[in-house]
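Asks: Fit chain B to the supplied structure of chain A, relying on the hints for placement.
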Amino acid sequence: QKEVEQDPGPLSVPEGAIVSLNCTYSNSAFQYFMWYRQYSRKGPELLMYTYSSGNKEDGRFTAQVDKSSKYISLFIRDSQPSDSATYLCAMTSTDSWGKLQFGAGTQVVVTP
Amino acid sequence: AAGVIQSPRHLIKEKRETATLKCYPIPRHDTVYWYQQGPGQDPQFLISFYEKMQSDKGSIPDRFSAQQFSDYHSELNMSSLELGDSALYFCASSSRNEQFFGPGTRLTVL
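Protein chains in written order, with this note's numbering: chain A, 1 to 112; chain B, 1 to 110.
Pulled out of the complex, with its shape left as it was, chain B reads as follows:
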């Protein structure tokens, strides 16, 4: 069965640079969620989109923005990167209730 696809899988950036993370949901899933997981921590909700509209917002810094496109894929844009942004970033998708997670993008900020 098709799963959530995230790219890139690994990303290394310098402080103050920008990064773009991409998420391709499971086919026919209309909702996308972004989570951040720091080392040894549980995933923290960042933002979600339903039918290309932002549906909920969590603890997402103002330096981050995201959108969902007409083909339902989503991109998380991160600017002015800080060392503390180093984490695993997960995308999840759903069509009803259950959320299915992708493999994550590991972002390292040097």
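So here's chain A without its partners, still in its complex pose:
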């Protein structure tokens, strides 16, 4: 079983809707959590970075971390067709610094 679980989708939403993505994990040592966006055949682009539990907002993006439930979320408000991509969660711990563990990625399709 993978340390990080993420539903691969695809997740299809109409333009303007809220996209809700999430990951669960099993390693309680994870403390640093990231969300990346990856377009086909491109490198992952860092969207959000959070440390420990709590919420973080940046423009249309909100990241939430619930360490007690080992559950992280990413919300995208006012979704646009250009948001269509694969979204990967990633996380790491202090004792294995930089060795990111990725989820499988969720494919998101925003339809006009």
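Certain hints may be false.
Claimed, not checked - So the derived label-pair ranges between C-beta atoms look like this:
1. L110/B x P81/A: 34 to 42 Å
2. G54/A x S95/B: 22 to 30 Å
3. A2/B x S52/A: 37 to 45 Å
4. M53/B x A29/A: 17 to 25 Å
5. L110/B x S68/A: 46 to 54 Å
6. E51/B x P112/A: 46 to 54 Å
7. S52/A x S80/B: 39 to 47 Å
8. S52/A x S95/B: 14 to 22 Å
9. E15/A x S79/B: 43 to 51 Å
10. S20/A x T108/B: 33 to 41 Å
11. E15/A x F69/B: 41 to 49 Å
What the hints assert, rightly or not - Only pairs whose alpha carbons sit at most 35 Å apart, straight line, appear in this in silico DSBU-like list of lysine-lysine:
12. K52/B x K56/A
13. K2/A x K42/A
14. K52/B x K42/A
These aren't lab readings, by the way, just hints derived from the structure by calculation.
The model shown is predicted, which means the values in this text are computed figures rather than measured ones.
Think of the CB as a built atom: it goes at the ideal place given N, C-alpha and C, for glycine as much as any other residue.
Replies: Quick look at chain B alone, frame taken from chain A:
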């Protein structure tokens, strides 16, 4: 803003050949990471370097080696290539916590 540069962007090799992938981190970033992403898979950590020293190692085959040079660029050397080595290879760099990825090198082994 400057990003991570990887070269070449595409590489085609035959089985048992060698390949060298290069990574130029974002200026003032001292840490470099290498990842392998197979078709339809998430990136898998291979190896990382901090201040020119290997800092962590993942599922990197013994046929692969890597190093970071004095100017902080890194090279991933791959020998005795196998068909299964065909993948996207990403380099990422960081100066603190966030990792910024390059565009990747697509390696095809025939």
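Asks: Taken at face value, is the distance from the CA of K42/A to the CA of K2/A at most 35 Å?
Replies: The given pair, whose Cα atoms are some 24 Å apart, holds under the 35 Å limit.
Asks: Is 34 to 42 Å a correct range for the gap between the Cβ atoms of L110/B and P81/A?
Replies: holds, 36 Å
Asks: So does L110/B sit 46 to 54 Å from S68/A, Cβ to Cβ?
Replies: holds, 50 Å
Asks: Range first: 14 to 22 Å. Now tell me if the beta carbons of S52/A and S95/B are that far apart.
Replies: For S52/A and S95/B the Cβ distance comes to about 21 Å; the hint holds.
Asks: Take a look at whether the Cβ-Cβ distance between S52/A and S80/B falls inside 39 to 47 Å.
Replies: holds, 43 Å
Asks: Could you say whether the range 33 to 41 Å given as a hint is met by the Cβ separation of S20/A and T108/B?
Replies: holds, 36 Å
Asks: Does the Cβ pair G54/A, S95/B satisfy 22 to 30 Å?
Replies: holds, 23 Å
Asks: Return holds or violated for the Cβ distance of E15/A and S79/B against the range 43 to 51 Å.
Replies: Since E15/A and S79/B have Cβ atoms about 49 Å apart, the given range 43 to 51 Å holds.
Asks: Keeping to a limit of 35 Å between CA atoms, is the pair of K52/B and K42/A held or broken?
Replies: holds, 27 Å
Asks: For the pair supplied as a hint, K52/B and K56/A, is the alpha-carbon distance within the 35 Å limit?
Replies: Measuring from Cα to Cα gives roughly 33 Å; hence the hint holds.
Asks: In this structure, is the beta-carbon distance linking E15/A and F69/B contained in 41 to 49 Å?
Replies: holds, 47 Å
Asks: Confirm or reject the claim that M53/B and A29/A have a C-beta distance inside 17 to 25 Å.
Replies: holds, 23 Å
Against the hints set out earlier in the document, a violation occurs for number 3 only.
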